[in-house]
Amino acid sequence: MTVGDWLRRQGLRHVVEMPGGPRGGGAGRVVPGIRAVPAPDLDCALALAEAEGTMGAGLGALWDGDVLTLFSRRVDPGEPATARSAPELAAAVSRARKAGAGAVAVHLDFDLTADPEPPVAGTPATALMDRGLAPRLPGAACRPGAAGPLEVDLVLAGHGVVRAGAARALAELAARGGLGVLNVFTAKGVFRWDSPHHLGTGFLQERDLALAGAYPDAVVVTVGLDADECAPALFAAAGVDPARLVIVDPADLPAAAATMRARVPVTEGGPRPALYRELAAVAGPLYAATGAPLNPACAAADLAAVLPEGGSVWTEPGPAAHWIGRTFSTVRLGSVRVPAAGRDGVAIAGALSAALAGDGIGVAVVDHPPHAGVAAACLDWAGRLGIRLVVEVWGERGVPRSSAQHREWLVDALATPGVRVLELPVDYTATQELVAAAGPLVAWTVSPSAGPM
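Here the numbering used here is used: the first residue of the sequence shown is -2, the next is one more, and so on.
Please keep in mind that the hints were generated in silico from the structure rather than gathered at the bench.
On a predicted model such as this, the values are computed, not experimentally measured, just so you know.
Cβ coordinates follow ideal geometry from the N, Cα and C atoms, glycine included.
Among the hints, a few may not be true.
Stated by the list, open to error - Using C-beta positions, here's what the derived DEER-type ranges look like: (1) ALA278 x VAL408: 25 to 35 Å; (2) THR110 x ALA373: 35 to 45 Å; (3) ARG329 x VAL408: 15 to 25 Å; (4) ALA278 x PRO35: 41 to 51 Å; (5) ASP108 x GLN402: 50 to 60 Å; (6) PRO146 x LEU39: 46 to 56 Å; (7) PRO29 x ALA433: 48 to 58 Å; (8) ARG329 x ALA172: 16 to 26 Å.
Whenever a hint applies, use it, and build me the whole structure from the sequences.
Given below as structure tokens:
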């Protein structure tokens, strides 16, 4: 097993080569066993790694021929540790994971072409291991079966479920235990929108947790939640003490399925929680309001309707991401990506990442036209690579379009080679209805300090 093989087990699809790295005339080395993507500049390299680390199924990675930097969040990794063997690399990453460092930089001071010693192989590829580096939500760790059966009121699922490849195990837990699951906005698609176990997408607005059924004495189980996915205001509004949360590691989901049962089982056609009902009361009429200018719920529904098989929608913190997180109906995990944190340009970098990985066309939905900065640089990069990529700007500019016109426009853009930027006027007046239903927006308020990167 090469170092590249081990990196792919950490959820990496490729490493982003820094300018001046192995293919840019530098003296550095190529990492064997994994694809390298040369970036045109540092800003684009960081944006691509950030998108992959925050919205992908694993880590983002930068490589300059000497230092490997792995990301779950775009934070300063500090001075590089030195690894003189592949096991030392694995140990450095493991320490960063346990510390919730968000990122780690490691100087690889050994022969990358040599097969690693057995310890670097780590956990088998089939294990449900969350390989993320982000800080985890604290609580009471649970070892399923250690204390007998457990009656549960609510399950919360975060992006760690996606990173661990544990969506199927989560579905088995829900099915066997009759459990309802509220997924964080970072984990849209772990259940189909119409599954009886899907209680909705949460953690966007202050009252989400309370409306989903949490209360002070409730037994609330969390799986794969990162700390910055969960604003403290959510728990305060529900009267829930975060220290009493029951934390289940994704790797323990199969064992948990044998011991956890719902206090009140969910059933096909049974009652939905208040969150689901309240949001449906807002979104339902908006989906049906198909005239120009479009409202954001209808615009999101249009995207969901025409997105090709294997395509994906990428966002960044802001009004468009709020509405896509709320109203984009998912039937497939990975079809829509909403980050827990992210800088301007990360949505376009994410759509570029999808194309580079061969995952189908990427669509970036943003709040401002990408005329400057890293967003424009990533678009230029995509154009030079001949990548098919669509950017839709939900703002005030452009020609107002009906839903039918919007869908026709999107279908044409999605089928056209190269980069397309579409400016769609969107009427956000209904945001006040969302706030009335579930409280103020609290997503993206707990992001870690970005540091100098």
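(request) Given the hint of 48 to 58 Å, check if PRO29 and ALA433 actually sit that far apart at their C-beta atoms. (result) Since PRO29 and ALA433 have Cβ atoms about 56 Å apart, the given range 48 to 58 Å holds.
(request) For ARG329 and ALA172, compare the CB-CB distance with the range 16 to 26 Å and indicate the outcome. (result) holds, 19 Å
(message) Given the hint of 41 to 51 Å, is the C-beta distance from ALA278 to PRO35 inside that range or not?
(response) holds, 50 Å
(request) Could you see if the CB distance from ALA278 to VAL408 stays within 25 to 35 Å? (result) Since ALA278 and VAL408 have Cβ atoms about 30 Å apart, the given range 25 to 35 Å holds.
(request) Using the beta carbons of PRO146 and LEU39, state whether their distance is inside 46 to 56 Å or not. (result) holds, 53 Å
(request) Kindly confirm whether 50 to 60 Å is satisfied by the beta carbon distance between ASP108 and GLN402. (result) holds, 59 Å
(request) Just tell me: holds or violated, for the beta carbon distance of ARG329 and VAL408 against 15 to 25 Å? (result) holds, 19 Å
(request) May I ask you to test the hint 35 to 45 Å on the CB atoms belonging to THR110 and ALA373? (result) About 38 Å separates the Cβ atoms of THR110 and ALA373, which means 35 to 45 Å holds.
The structure shown violates none of the earlier numbered hints.
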